[in-house]
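Visitor: Now for the letters of each chain:
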Amino acid sequence: MDLFLQLLVNGLVNGSHYALLGLGFGLIFSTTRIVHFAYGPIYTFAAYTVWQLAAGSGLPLWLAVCGGILVAAGLGAASYFALYRQLERNNAPPLIPLIASLGLTIVLENLVGVLFGSGVRTLDISGSVHFLGPVFFTSIHIWQVASFVVIALALGFFLRQTRYGRAILAMTDDPEMARVIGINTRRVSYLVFVIGSAISAVAAALILVKDGAGTHMGFHAVFMGFVAVIVGGVGSLRGAVAGGFLVALVESLGLFAIPTDWQASISFVVLFLMIMLRPEGLFSMARR
Amino acid sequence: MRKTAIAVMAAAGLVFASAAAAQDGKDPEAFRFGAILAMSGKADWYGKVMSQAINLAVDEINEAGGIDGIPLEAVIEDHKSGVAKEGVSAMNRLITIHDVQAVLTSFSAPSLAIAPIAEEKGILLLNGGGVSTALVGATDLMFHNRSLASDLGLAAIKHAGELGLGNMAELVWKNDAGESVAFAVEPAWKAAGHEVVAREAVDLGASNIDTQVAKVRASRPEWIGLWLFSPETGLAMRKLREFGVDVPMIGIEYTGEAKEIAGKYSEGYEYASDYFIASDDNLWSKRFTEAYVERYGEEPEFYAANYYENVYVLAEAIRRAKAKGGDYWDGRALAQTIRENPTFDSVYGGTMTYQENGVAKKRVAIFRVEDGEGTFLNYVTAD
Amino acid sequence: MEYLYHVAVLFCLYAILATSFNLLVGFAGLFALSHAAFYAIGAYATAIMTTSLGMPFPVPMIASIAFAALLSGIIALPALRVSGHYLVIVSLALQVIVLQVIVNWKSLTGGTDGISGVPSFEIFDFALNTPGKFLLAAVPALILCYLFSSRLIRSPFGRALRAMRENESAAQAVGLNILYMKVSIFALSAALAAVAGSLFARYFSYVGADSFSIDETIYILAMVILGGTGNLRGSLLGAAILVAIPELLKFLPLPVDIADKMRLIIYGSVMMLVLVFRPQGLVPEPKGKRAMLVDTEGEDRKADAGWLLEGAHGDQVATVMDGLNLGKRFGGVVAVRDFTIHLKTHRITGLIGPNGAGKTTAFNLLTGFLRPTDGRIELRGEDIAGKKPHELVSAGVARSFQDLRLFTNMTVIENVLVALPNQAGHRVSSLFFKPMHVARQENQNAAVAMAILRFVELDGKAHETASELSYAEEKLLVIARLLATGAEVLLFDEPMSGLDQTTLAEILPILKRLADHGKAICIIEHNLDVINDLCDEVFFLDEGRAMAVGTPEQLMSDPELTERYFK
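As given, the protein sequences belong to chains A, B and C, one line each in that order.
Start counting the first sequence at 1; every next residue gets the next number (my numbering).
Start counting the second sequence at 1; every next residue gets the next number (my numbering).
Start counting the third sequence at 1; every next residue gets the next number (my numbering).
Incorrect hints may have been included.
Stated by the list, open to error - Under 8 Å between C-beta atoms, here's a sample of chain B residues computed to sit facing chain C:
| hint | residue |
| --- | --- |
| 1 | PRO71 |
| 2 | ASP78 |
| 3 | SER89 |
| 4 | ASN92 |
| 5 | ILE97 |
| 6 | ALA113 |
| 7 | GLY137 |
| 8 | GLY263 |
Derived by calculation from the structure, the hints in this document are not laboratory data.
Backbone N, C-alpha and C define an ideal beta-carbon position, used for all residues, glycine too.
Just chain A, with the same shape it has in the complex (with noise of 0.2 Å):
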């Protein structure tokens, strides 16, 4: 029972992570229709590039993510201007965006290598331990759950309550309608792929301060943030939330009587089963 309880709590820290990357993926995919792979190493960039200001640089933590945070919305920025908006303007057939931004990936990622050079990075610092009862967190997991909570909370209100959110919304919902009415597609698409690259950017720091950073990370945050949203639903943001829970929480508690020589695939089999017993995802194109 400790052991459910503990895979428990992992899971449902691990689910403020994936929901968080999965918000941010999910806002990109959801509203420009791009399977964004890049999303990966921009996020492995925010990472070291915490690690450079913070450890490198001397700068407190707060200052250093907030570098973090502005090097990768730059970086989706740029994307989106020398990339996608390219094939969106040939009319590309879909699934070229998709092959183009690995093409990215792979241009991004050893980018990092060369800039920062290879190894783990980690930062001094340690969280504080916590019990409870049987089961054990520390600061930085309250971190996580904390930092998901907030930005889901401020995203929200953000896409309900401000015009632009509503353009959002509007280009979630039909493209093409959205610019008959008016809302000039390309500034939104712009502006989906700051913020959710900015919100990749606090996941980001906060695994480097949780486990360190690698030039590999990205790949593995991509594919979560992928996986959440299709499994919660395209077009829908809470979806992508409990997307992210769900694969979390099976994750961990699938692992509980299953050997972890399986843990790469189990994600996957979540996967699999949900897209066969329910395609549109948890939630589809339900109202945030």
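With chain A's structure known, arrange chains B and C on it following the hints.
Guide: Just chains B and C now, with coordinates in the frame of chain A:
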């Protein structure tokens, strides 16, 4: 930069001229050898460290006049963190374009894949990385200057036995290196009357091992066997301690990368490894360490030491073969020379001897991490 | 130069992989990214067969192909129930799971150790164990696989595949068995990938799971997309480029510690640039006339399309099809309720009613596109509920679509050709085992297709691409395509909408003639003159129910209906 010059010379000039050189037993203009390393991908730390060591050794040897005046040249190739077919491509390039007679290899999959090519073309293979059982005997032309991973594992559990520890939980790398250790260790530990209470797999490059750690914790072991390599060793230590698992951790490796990640949690970790320590009674290792620190700004550990050593082994083999005369600059001749006289100076101190199976017999020792550094505890006697 | 030969061997392997993947992704339009799993199965099967069982060629190769085809069936059945982005993910998920199973099944596959020591091909003591010698096996294999793929594509089956990719529902509506085509192409694509896998095992002599990761599928996908989907030559080009570039980049001198990373950056950039400037790929897919596959010699022959244009009951008026108390619910919405209709030969029945009344839903129910939630459908007395659209077409019921759904990138005559029934060329086995029979049928069918085009007076435009037709011509083609199925019961969904008086006057007689020949015709129409002119019996639908049934005159003099609809 010297290393650039060497690499450029090797790569650019020889597309068409290679076939003519060094065919008939005359001295070649340079002893060109290859190194297939993880220069990109998720394990690129290894490639960085290994290539640094190789270049240092090559420069040292050349500064001392090379081998009878003939310089060494290294050509570094990439197998993208262990992709077998990349290793094969690299091997083909090295043989065809650079006309090498020896290759320093790393990682199991590419090594296994290039073994038949080495066999066919008569190329000497020197491996300084992890040695899984699958690698041993892949070809007579391959030599390993590191103890078998499974032997290191057995040394670790012997130490655990000496400490009076009982139930073991394991964290195992999900590849042939890690699994070969678990495979060897589990029956031995059970035969000694103890239990294996948990066995959790860790993927290479895994970032999230919370579940594994939670399961280990729940199994209430008396100690934990870390059959992992960098950087997961460091991650495991950190996570275990963070999760409140206080029992002894014993493993088979400890590197600068692991130290970086584990931070203060590495304290008290013990491991079995080939005995590499820069000490005053081992002048060569001290010199090597100082030179490496001066050139690269970081301390070398045994991966660097192994590849540095392999270059010297190669140089020595060439020297011995040349002394015998004949067509000495040839992979098979070099391998033959090593078999005839398998004892070489070791940067680990003293000498090492290659056994029948091609694996070097080195002194294995148990180390303990204190203040982030590995300190020597005792030697492990062979049994 | 062994190194060059090695690169050539790699090219052969990847060319086979890219070609086979193109069959699936490009020609069938199925973005299923599990190709590396089949590649892996092929490699492992051969490795196990040779090392553990000592089987000689060709047994390991056959085993590889068989296992891959089997696995493809296991993957295809769930995967094909979804499409688009979902198919991408499901197939990726399945690939990861398959590879994980391989890695964990240590006793069979050696687990993470892999299998080494796979012997190369050996003919009378001549072992193909160097790159140069291996080309003797690799190149013929590539040629065979390419020819196989080419034959598959330039065939009636290939034509049907293109139609399916253009518009799946229209393909079903002309009698094509979609499931059969998808599963076949999946299996064939997998089989060819397994051939490459078998060669891989023989060449590298070591098989390990990390050579078959998602990265590999993505690499092959990139080759297909770069080269051009829907074009086999493009696959060869894509493979050549993506194999050559990384190797060529190695000649670029760069500082050692970042060299390989820089090369990968250049590689990724090249990929992006090509895609930005040529998104359809370097060798785009030929469309329309240039891709046409028709035995033009056959076109000129005299043919009697009569049997397609006749009903099956001679001169008798018979009730062919009955829809009895049909109902259809979507969640809480009732689209059709208690709808009864009888379709007779030699008669034209009309369905009218406001938009959203359920007319098209009724058609969908009658033709197998939707399952009724209530009621029964009988064709010549037999209950046909649950039958698939293509089965119904063979049984004699076919429909057209309100939004036309022509195969716009195919030529006019191909639109008709693909609908002709009983084509041996639609079965893969016939393509390879009965080529003469298929060729003869193609010849005859070309003639028949022309005859049908003559019937609707479109023969002059036979080789035009369907997208180039005028609206009126498109409507004629819809009719021609429907006729080509040979179905006795023809359901036309708004065949006359949007046409001017002159064209109407040309088309109306065609429908009348069909009825005279014995077809049972039902049309949905808004144009009341047409209804008046053509129909013997009219159903007025509103809110899913038949509000009134009668002759056109009866309905149009009904005051309530006039109020609701006719004003």
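Visitor: Would you mind marking each hint as holding or not holding in the structure?
Guide: Each hint tested on the structure:
1. Using the Cβ-Cβ criterion of 8 Å, the hint placing PRO71/B at the interface with chain C is not satisfied: the shortest such distance is roughly 17 Å.
2. Satisfaction of the interface hint for ASP78/B is found here, the shortest Cβ-Cβ separation to chain C being roughly 4 Å, below the 8 Å cut-off.
3. With its C-beta approaching chain C no nearer than about 6 Å, SER89/B sits inside the 8 Å limit, and its interface hint holds.
4. Taking 8 Å as the C-beta contact cut-off toward chain C, the hint placing ASN92/B at the interface holds, the least distance being around 4 Å.
5. Here the hint on ILE97/B is kept, as its CB sits about 6 Å from the closest CB of chain C, short of 8 Å.
6. Among the interface hints, the one on ALA113/B holds; its C-beta lies about 4 Å from the nearest C-beta in chain C, closer than the 8 Å criterion.
7. Residue-level restraint check for GLY137/B is violated (minimum Cβ-Cβ distance to chain C is 10 Å; threshold 8 Å).
8. A least Cβ separation of about 26 Å between GLY263/B and chain C goes past the 8 Å threshold, and the interface hint is therefore violated.
Of the numbered hints given earlier, the model fails hints 1, 7, 8; all others are met.
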